[in-house]
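Which chain is which? The protein sequence lines are A and B, in order. If you read the first sequence in the numbering used here, its first letter stands for residue 1, the second for the next number, and so on. If you read the second sequence in the numbering used here, its first letter stands for residue 1, the second for the next number, and so on.
Simulated from the structure, these hints should not be mistaken for laboratory data. By construction, the Cβ of each residue, glycine as well, lies at the ideal position given by its N, Cα and C atoms. Accuracy of the hints is not assured; some may be wrong.
[Claimed, not checked] So the derived label-pair ranges between C-beta atoms look like this: (1) A:D110 to B:R111: 26 to 32 Å; (2) B:P29 to A:T175: 24 to 30 Å; (3) A:E35 to B:E147: 49 to 55 Å; (4) B:A118 to A:G271: 23 to 29 Å; (5) B:R130 to A:D258: 32 to 38 Å; (6) B:P29 to A:M176: 29 to 35 Å.
[Claimed, not checked] Rough simulated footprint, nothing fancy, chain B against chain A, three-plus residues with beta-carbon under 8 Å: (7) 15-27; (8) 38-49; (9) 73-87; (10) 118-125.
The chain contents come next:
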Amino acid sequence: METGTDRVKRGLAEMLKGGVIMDVVNAEQAMIAEEAGAVAVMALERVPADIRSQGGVARMADPEKIQEIIDSVSIPVMGKVRIGHFVEAQVLQSLGVDYVDESEVLTPADEENHIDKWAFTTPFVCGARNLGEALRRIGEGAAMIRTKGEAGTGNVVEAVRHMRTMNREIRALTTMEEGELMTAAKSMGAPFDLVREVAASGRLPVVNFAAGGIATPADAALMMQLGCDGVFVGSGIFKSTDPAPRARAIVESVTFYDTPETIAKVSRGLGEAMVGIEMGTLEDSELLQTRGW
Amino acid sequence: MATVGVLALQGDVREHANAIQAAGGMWTPVRHPEDLDGIDALILPGGESTTIGRLAGIYGLIEPLRAAIADGLPTLGTCAGMIFLAAGMMQGEQVQLGVLDVIVERNAFGRQNESFEANLEVAGFDRPFRAVFIRAPWVVKVGGGVEVVATVDDHPVMVRQGNILASSFHPELTSDVRIHTMVLQAAESRDPRDGER
């Protein structure tokens, strides 16, 4: 019996496809998420919108809180660690968390290096804004990728930008001849063997979810139509006025993302979505997506 | 050529579709009751069984699925698909079809850190099957008409009951298509009259 193999790590992400992963800060929210049909929950101390408004250093959640969430649901539980903070990752692995998110939403612990994710049995998901960043993370051992988007804004524009960028860069690779791939790898700063793999297959070698700013069923379906495998919803659910119906509606809109009648039906009467932030009002220093490289 | 319907509410639909195509069949997604018309076999994929059960309930698929499977439609369920087919669970309650006479235990091997792959002896296969277990269930109790096809440490991880085949593991995650070939063979050898529902 072999544990922690590539197939086992990437395989769990395959099982999450077509699903919604929801940010939760306690057992009560985790149970609401599970009941609504979430495929997994992300256990954290504060949702991104609160991290953004309250400021300060954002770290891994209290292990007691993570344990409480693990004990409350039967679906997989993910947890966030700071970029480069491999000890926080060791702690989450020891708690039995099912996926570790090395996340720009928390304050980075290392401004140069990401975690060596091959050293862990627990699989990792990492954010990316473009193909080069995604392939660097996969090269470090990430078993799942998500768009960075701009977390805690309720504004989907950055997630759309990141997904479109990745799609465009993948398409471009598939049209190149073998002799052009090394230059492509050099210019995007990505491992050559992974560049060749993507050029041949026309897709990322791991599952790719949308994250960052998804607040409505239509936002979720938009990301699915752009080719994502599933979505993370952070602040969008529990920062809205009525979380449970919104959570259910987003789950249904991800399954029926190509059926506008269903999206229309599930979007009715959901109450106020979270208050959004227009990108132009954010200073560069307030952007989370530029953390990591 | 046989067409296999893959329940496409959530989960690793694409891997099953690829495996069916690699085994020489065609596939079609099943999201609504009418999608069951004209298919020769059915696959319930891996995924989150709570999510799949809930969506199947809301979108009116439970009774049509039960009827089609009871009518003899060759059916394969993997991991979450096995849980969905089963008659009950050791702990908790969720939407299940109840067409496969077994009781399952969810996440029986443990959490993701205990997920594993291993070479598995499967009854009727001349060489082991590389089996990938992800937060996998196992079978706790089997009813009279159920044949155990493979076990891990004496726990049944693959069972057959008439037209239904179910595994705790994910044959769709490897390039070995022997299990998908069994589904296609069952679809092709089915009495054509059965298909005219």
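Hint by hint, here is what the structure shows:
The hinted window of 26 to 32 Å between D110 (chain A) and R111 (chain B) holds, with their beta carbons roughly 27 Å apart. With their beta carbons about 29 Å apart, P29 (chain B) and T175 (chain A) fall inside the hinted range of 24 to 30 Å. Against the hinted window of 49 to 55 Å, the Cβ-Cβ separation of E35 (chain A) and E147 (chain B) comes to about 36 Å, which falls outside the hint. About 49 Å separates the C-beta atoms of A118 (chain B) and G271 (chain A), a value inconsistent with the hinted range of 23 to 29 Å.
Taking the beta carbon of each, R130 (chain B) and D258 (chain A) are about 34 Å apart, inside 32 to 38 Å as hinted. Against the hinted window of 29 to 35 Å, the Cβ-Cβ separation of P29 (chain B) and M176 (chain A) comes to about 32 Å, which satisfies the hint. Counting residues of the segment 15-27 of chain A whose beta carbon lies closer than 8 Å to any beta carbon of chain B gives 5, which meets the minimum of three for the stated coverage. Counting residues of the segment 38-49 of chain A whose CB falls under 8 Å from any CB of chain B gives 3; the rule of at least 3 is met.
Coverage of a stretch by a chain is defined here by at least three residues with a beta carbon nearer than 8 Å to that chain's beta carbons; for the segment 73-87 of chain A and chain B the count is 3, and the condition holds. Under the rule that three or more residues need a Cβ within less than 8 Å of chain B, the assignment of the segment 118-125 of chain A holds, with 3 such residues.
Checked against the numbered hints given earlier, this structure breaks hints 3, 4; the rest are met.
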